[in-house]
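**Q** Protein chains in written order, with our numbering: chain A, 11 to 428; chain B, 11 to 428.
Take the hints with a grain of salt, since some may be wrong.
Identical copies carry no separate label here, and so any pair may be met within one copy or between two of them.
BS3-like cross-link-like pairs, simulated, lysine-lysine; straight-line CA separation at most 25 Å [to be verified]: (1) Lys-237 with Lys-313; (2) Lys-358 with Lys-313; (3) Lys-122 with Lys-89; (4) Lys-417 with Lys-122; (5) Lys-89 with Lys-346; (6) Lys-358 with Lys-14; (7) Lys-291 with Lys-346; (8) Lys-358 with Lys-63; (9) Lys-313 with Lys-63; (10) Lys-14 with Lys-237; (11) Lys-417 with Lys-313; (12) Lys-63 with Lys-346; (13) Lys-89 with Lys-237; (14) Lys-63 with Lys-14; (15) Lys-63 with Lys-291; (16) Lys-417 with Lys-89; (17) Lys-63 with Lys-417; (18) Lys-358 with Lys-122; (19) Lys-313 with Lys-89; (20) Lys-89 with Lys-63; (21) Lys-89 with Lys-291.
Just so you know, the hints here were simulated from the structure itself, not pulled from any lab data.
So the chains spell out like this:
Protein chains: 2
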Amino acid sequence: MDLKAYVRECALRAREAATRMAVLGPGTRERALLAMATAIGDCAGQIREANAKDVDAGRAAGLPTAMIDRLTLTNTRIKGMRRAVAEIAAQPDLVGEIEHLVRRPSGIEVGKMRVPIGVIGIIYEARPNVTADAAALCVKTGNACILRGGREAINSNVILARVLAEAATSAGLPGHAIQLIEVIDRETVIHLAQAEGLVDLIVARGGESLIRAVVEAARVPVMKHYKGVCHTYVDASADLAMAEAVCLNAKVQRPGVCNAMETLLVHRDVADQFLPPMFEKYRAAGVELRGCERVRAIDPTVKPATEDDWYAEYLDLILAVRIVDAIGEAIEHIRKYGSAHTDAIVTKDVTAARRFVREVDSSSVMVNASTRLSDGGEYGLGAEIGISTDKLHARGPVGAAELTTYKWVVYGEGTIRE
Amino acid sequence: MDLKAYVRECALRAREAATRMAVLGPGTRERALLAMATAIGDCAGQIREANAKDVDAGRAAGLPTAMIDRLTLTNTRIKGMRRAVAEIAAQPDLVGEIEHLVRRPSGIEVGKMRVPIGVIGIIYEARPNVTADAAALCVKTGNACILRGGREAINSNVILARVLAEAATSAGLPGHAIQLIEVIDRETVIHLAQAEGLVDLIVARGGESLIRAVVEAARVPVMKHYKGVCHTYVDASADLAMAEAVCLNAKVQRPGVCNAMETLLVHRDVADQFLPPMFEKYRAAGVELRGCERVRAIDPTVKPATEDDWYAEYLDLILAVRIVDAIGEAIEHIRKYGSAHTDAIVTKDVTAARRFVREVDSSSVMVNASTRLSDGGEYGLGAEIGISTDKLHARGPVGAAELTTYKWVVYGEGTIRE
Chain A
11 MDLKAYVREC ALRAREAATR MAVLGPGTRE RALLAMATAI GDCAGQIREA
61 NAKDVDAGRA AGLPTAMIDR LTLTNTRIKG MRRAVAEIAA QPDLVGEIEH
111 LVRRPSGIEV GKMRVPIGVI GIIYEARPNV TADAAALCVK TGNACILRGG
161 REAINSNVIL ARVLAEAATS AGLPGHAIQL IEVIDRETVI HLAQAEGLVD
211 LIVARGGESL IRAVVEAARV PVMKHYKGVC HTYVDASADL AMAEAVCLNA
261 KVQRPGVCNA METLLVHRDV ADQFLPPMFE KYRAAGVELR GCERVRAIDP
311 TVKPATEDDW YAEYLDLILA VRIVDAIGEA IEHIRKYGSA HTDAIVTKDV
361 TAARRFVREV DSSSVMVNAS TRLSDGGEYG LGAEIGISTD KLHARGPVGA
411 AELTTYKWVV YGEGTIRE
Chain B
11 MDLKAYVREC ALRAREAATR MAVLGPGTRE RALLAMATAI GDCAGQIREA
61 NAKDVDAGRA AGLPTAMIDR LTLTNTRIKG MRRAVAEIAA QPDLVGEIEH
111 LVRRPSGIEV GKMRVPIGVI GIIYEARPNV TADAAALCVK TGNACILRGG
161 REAINSNVIL ARVLAEAATS AGLPGHAIQL IEVIDRETVI HLAQAEGLVD
211 LIVARGGESL IRAVVEAARV PVMKHYKGVC HTYVDASADL AMAEAVCLNA
261 KVQRPGVCNA METLLVHRDV ADQFLPPMFE KYRAAGVELR GCERVRAIDP
311 TVKPATEDDW YAEYLDLILA VRIVDAIGEA IEHIRKYGSA HTDAIVTKDV
361 TAARRFVREV DSSSVMVNAS TRLSDGGEYG LGAEIGISTD KLHARGPVGA
411 AELTTYKWVV YGEGTIRE
């Protein structure tokens, strides 16, 4: 099979669909989303059947339990998927909104109109619910999407994409507004990322090696999420009870996700008082601790942390702990080892808070809050398709607004340039 | 010389400067800009001397007159450069602004803070005033810049970059906030575009082949300007006197720039009435006309347009003219042949205007206005560093705001995720 031609055909159909999508009103998009939600419910049986094949194949291939869990679609999860699509339908429609129309000395009125990006390729891994979320967010924003999920979920994704695409078309969307690349080969991802002029954006989620391969080959912009090495810094002036609550939540509330804390930094002035009871809480929650030498001087049962620990995204009940001499050292540590995802300070001192916010260059910077709050839903963006660790276009949670761009609209009355 | 190591050293110094720049207040940046403006005036003699070498070398190399003109720095142009930098100093400061701080149900307050992008590489060609504009816009926005101008202007650029960098440093900016790559070799551009982790953005202006080479090799985002094939469509309902004024201005007011009109599309119902007097005006202004067969049926002295003419960015007193049967055909023509830069409709019909604005996906879409108004200054953005024909992050004029990004800031009171 000529994979380049296969991907190109797919991208050409998407381009055509995008052109027609851009002309639709919000009513049609909303009807399509509601039809998609209904179809997920109506086809739950088929979806579960296809998913069972993936789960069986995954078990046979010896996939880890956590991955099997992510892959599995129960009735409850199918209902959740349906509800998520219906919620996206209910979000405000952004396309066509003009942000700020101003009258200029020449006599023109000029403003920025929010418009679809065009064709968006979305690369992701095991969870089949991403298929529904991604398709729905793209329909919401008037984009055509080309989905490329992981090998493990291929049967689930094929049926889901078909159900969603059929529902969308029957509700008035152009054909091929939602497509799935059914050939799972790294080559298809590369071709997709090189389809300059046909694909406008790649959203890449998943393993770092896959994302790096995409970025290296890409000729179209890639919005990506490398990793979340999130820090909490407990300042000398922190309310220690507050710090304990925030640091416990940031580590243990859901350790397997990107906004969970991986490294705890503590000011030396409060380390003696703060760490022993904090460690007790962590141990009660099953957290393994790895510390610098000064931490181990306070608690010798803590394992020594290596240089690798400071870079680690554990996604697990493991925490690296370091004592620092000053806020500047904490900021320097975050700059060196962090991934510019989400970093927090706990402090009562307004000057320290201001400095931390100013100097830490991460997609989310927090004062007296748990890094776990770094999330599109928590920020009020509605559904999100991921968290961008890039700096341009979208930073942090990627919701509907981040899947749009703008064009300048200018109204004159025969206005010319003098 | 190891060009990769040379560029990498330069990028490392810029990265360090960017970290220190991000911490500076607006006062320091403003002082630096005023010092830079003053220094341009104080060093005018040195600048003219270096420029004379470039001009002589250009003449000896047989550069076209238009390029020699763009290259030449007269006293008036040096004053203009100085004024441009002072004007950038006077623009409002955007860095640190929080756009929209909202309180969320969890108790956090969350908003987007405008922050510098970091290290910006700027690739451009003959005009040495871009050196001053680019450096000033980067200082304004708290970014460190690495400038890479064209071979033709190398002597002018070396002295300008030195004068600007020294003034900036003496006014309190970190060293290396403004750097120029002095080795002119396409390889340096490629290394710059591959410096992932050190360079955050490349702004590419100049020849299409250079830009394509950058995009192909790049691992960092590239903001680019391919070309401006701008259209004006004169609708059946147009006020023909208005159409004449707008179309004349769009073509002849300054034909050598990217927002000048290259193709005129006319509805068949008004072609007989509109074109003959319009052609008279064009000929009086020295415009060469190339038309479709239907245009030539009206005026056989018009040269036949080839398929290439519809794609052409003449940047000259040449105009392609086509008669279309309907607005849909005009939109289709623009989609096929245009460059998504700036396209205009002249019409009295509000439905036609709305349709054109909705369906034409260009960085600027205009109603009853000259494409020449597509400009950062005209839109009220202040100084611009170019016009982006990309869709993401920045579209259309790239001013100070487009050289910034945002981070989310979150304030809690010990807030955790439930």
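**Q** All hints are to be evaluated individually against the structure, with a verdict given for each.
**A** Evaluation of the provided hints:
1. Lys-237 with Lys-313: within (24 Å within a copy, 59 Å between copies)
2. Lys-358 with Lys-313: Neither way: Lys-358 and Lys-313 sit 30 Å apart in one copy and 76 Å across, limit 25 Å.
3. Lys-122 with Lys-89: This pair counts as neither: shortest intra-copy Cα distance 38 Å, inter-copy 33 Å.
4. Lys-417 with Lys-122: Classified as both; 6 Å inside a copy, 21 Å across copies.
5. Lys-89 with Lys-346: Answer is neither: 43 Å inside a copy and 43 Å across each miss the 25 Å cutoff.
6. Lys-358 with Lys-14: Classified as neither; 57 Å inside a copy, 47 Å across copies.
7. Lys-291 with Lys-346: neither (28 Å within a copy, 64 Å between copies)
8. Lys-358 with Lys-63: neither (54 Å within a copy, 61 Å between copies)
9. Lys-313 with Lys-63: neither (42 Å within a copy, 66 Å between copies)
10. Lys-14 with Lys-237: For Lys-14 and Lys-237, the Cα distance exceeds 25 Å both inside one copy (30 Å) and across copies (28 Å).
11. Lys-417 with Lys-313: neither (55 Å within a copy, 34 Å between copies)
12. Lys-63 with Lys-346: Answer is neither; intra-copy 44 Å and inter-copy 45 Å both fail.
13. Lys-89 with Lys-237: Cα proximity of Lys-89 and Lys-237: none, with 29 Å in one copy and 49 Å across.
14. Lys-63 with Lys-14: Result: close neither inside a copy nor across copies, 28 Å intra and 51 Å inter.
15. Lys-63 with Lys-291: Neither. Shortest intra-copy (41 Å) and inter-copy (72 Å) distances fail the 25 Å Cα cut-off.
16. Lys-417 with Lys-89: neither (37 Å within a copy, 34 Å between copies)
17. Lys-63 with Lys-417: neither (45 Å within a copy, 42 Å between copies)
18. Lys-358 with Lys-122: between (41 Å within a copy, 22 Å between copies)
19. Lys-313 with Lys-89: Neither: 43 Å inside a chain and 65 Å across chains, both beyond 25 Å.
20. Lys-89 with Lys-63: For Lys-89 and Lys-63, only the intra-copy Cα distance (20 Å) is at most 25 Å; the inter-copy one is 73 Å.
21. Lys-89 with Lys-291: Neither. Shortest intra-copy (35 Å) and inter-copy (67 Å) distances fail the 25 Å Cα cut-off.
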